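> One-letter residues, chain by chain:
2 protein chains.
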Amino acid sequence: MKKALAFDIGGTKIYSTIVDETGTVAGEIEKFSTPKTLDEIKKILREQTKKYEDEIDVIAIATAGAVNNENTAVIGSTGNLPQGYNSIDFQKLSSKKVFLENDANAAAWAEYKIGASRGSNVSVMLTLGTGVGGGIIINDRLLKGKSGAAGEMHFKMYPDKRRKCTCGGWDCFEIYASGTALKLNAEEALNDKDVTTYDVIEGVKNSDRKMIEILDRWQNDIIVGIKGLANLFDPDCVVLSGSMAQFVNIKKVEEEVNSDIVTTPTSIRLATAGNYSGMIGAALLALR
Amino acid sequence: MKKALAFDIGGTKIYSTIVDETGTVAGEIEKFSTPKTLDEIKKILREQTKKYEDEIDVIAIATAGAVNNENTAVIGSTGNLPQGYNSIDFQKLSSKKVFLENDANAAAWAEYKIGASRGSNVSVMLTLGTGVGGGIIINDRLLKGKSGAAGEMHFKMYPDKRRKCTCGGWDCFEIYASGTALKLNAEEALNDKDVTTYDVIEGVKNSDRKMIEILDRWQNDIIVGIKGLANLFDPDCVVLSGSMAQFVNIKKVEEEVNSDIVTTPTSIRLATAGNYSGMIGAALLALR
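Protein chains in written order, with the numbering used here: chain A, 1 to 288; chain B, 1 to 288.
Don't take each hint at face value.
Note that identical chains are pooled: a pair holds if it fits in a single copy or bridges any two copies.
Stated by the list, open to error - For lysine-lysine, the following DSSO-like pairs were computed, each having C-alpha atoms within a straight-line distance of at most 30 Å:
#1 Lys205 / Lys161
#2 Lys42 / Lys31
#3 Lys146 / Lys252
#4 Lys252 / Lys164
#5 Lys251 / Lys146
#6 Lys210 / Lys164
#7 Lys113 / Lys251
#8 Lys161 / Lys252
#9 Lys97 / Lys2
#10 Lys193 / Lys161
#11 Lys161 / Lys210
#12 Lys43 / Lys3
#13 Lys146 / Lys113
#14 Lys51 / Lys92
Bear in mind the hints are in silico, worked out from the structure with no lab data behind them. Keep in mind that this is a model prediction, so the values were computed, not measured.
Please model the entire structure based on the sequences and the hints provided.
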């Protein structure tokens, strides 16, 4: 059976493992703090590659940042990774093929192949974490756009400049639907800079009315965003993944989205491919 | 050379003509007021078909409303056409193949084949008229979604229910970017129910500051919507067509969109395939 050495390179952690062509994790999960310099990142990648190169067919990297249409390089800048990250020549790691894909795209592919969106012709995945990632699959292909950067969830929630997004623009879906957004909503509602998303979640558990309102506003903005995506893509399903997805009332979101849709009803689902879906999806794409 | 008998069926007018496989209009343009009953619509289609059936290879219909993925029927309701329009069995018109596509999709295809988005891998077309139509082409295919209804420009401009859209939902792009929207903006700004889009355009020509502000707000909302589409689709270009497109400052829209984009810069263009692009696109699709 064919196997990939898979990496997931994020702003805080780098993971690596072996994934086989069925999407099964077939090795130990290794975890590193993301170093602050390019050389140290390269060192981790080189050492892991050296360790496993004889056992595997390809190297598959799920990475923060947009990946070009050739799946060879990161394009543009990636806020949480050292400057120059997009200049790394990943193919130099190995004589075997090195394949890159954006982490949200890779995770969406894992859901499509072995998870919640399996069998869908058109699916949209939203990864709700510190930020919001997006992966859109249409007719067995990731939507990549002209440069590879498509699927960015930076459509606008207001037209009149209210809240600055981490991307530098104004009022993107990301800055209303992310974990960061939930904290900002709480800060605004409580006039308290120190309130955390944890406080909100704990408050909701304890039936604190103010905290319930804060979570509801966040969820309403997610619903509003999904309505737009559902009308644009007419998807079989919208999959929610990421650390914040567990706080979403999936059934309510599905009901509200479908009560106000001009295309045809869609299904809202929680991701099922697990925490290593980025590595799994990258491996499945690389081994295709 | 292969030819199609092409129709464009809209809420107020039905057009028909002959289009050849190069996308050239090769017949007289015939024009009818859209009748109020299904039988009268069918009568027009039957009479035109009878007249031209011997000269043509297929019948190509660009129609208001979403068209299924088999290109055989209209799905859902189409506000401006008689009830039951979506139950018409168009294939009964002729022993030759009858091919349907949504009018905005068909027009986008004409732009892609012979017009402004020629050669683009990914293009988005917005038809700015009484409403807003959308046609998205990705890797030589129209984005149709699971049912055929994708490309609806009903993503939300506000999350908090301000202006009801013609679709029954709230705050869709259509109700901020259409001709109807420009009139609503003027009504609100001037507190005058009788002001028309024509009044706004005339006022702008005469350097009326209030009217310039009203047009600017409308254009700003179009810019905000395009920013979201550009971040989702990473398109080579966004094409503006329809009767209202002439009032958009294309250069300014392109500058503003590209000043706040997380993907890569895109090109904003006016449509060039002309008034019969719906019929031309439907014919080119049908003759493919």
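> For each hint, tell me whether it holds in the structure or not.
Status of the hints after comparison with the structure:
| no. | hint | in the structure |
| --- | --- | --- |
| 1 | Lys205 / Lys161 | between (33 Å within a copy, 28 Å between copies) |
| 2 | Lys42 / Lys31 | within (15 Å within a copy, 67 Å between copies) |
| 3 | Lys146 / Lys252 | between (35 Å within a copy, 22 Å between copies) |
| 4 | Lys252 / Lys164 | both (28 Å within a copy, 22 Å between copies) |
| 5 | Lys251 / Lys146 | between (35 Å within a copy, 21 Å between copies) |
| 6 | Lys210 / Lys164 | both (24 Å within a copy, 29 Å between copies) |
| 7 | Lys113 / Lys251 | within (23 Å within a copy, 43 Å between copies) |
| 8 | Lys161 / Lys252 | both (29 Å within a copy, 18 Å between copies) |
| 9 | Lys97 / Lys2 | within (13 Å within a copy, 46 Å between copies) |
| 10 | Lys193 / Lys161 | both (21 Å within a copy, 28 Å between copies) |
| 11 | Lys161 / Lys210 | both (26 Å within a copy, 21 Å between copies) |
| 12 | Lys43 / Lys3 | within (22 Å within a copy, 63 Å between copies) |
| 13 | Lys146 / Lys113 | both (24 Å within a copy, 18 Å between copies) |
| 14 | Lys51 / Lys92 | within (16 Å within a copy, 67 Å between copies) |
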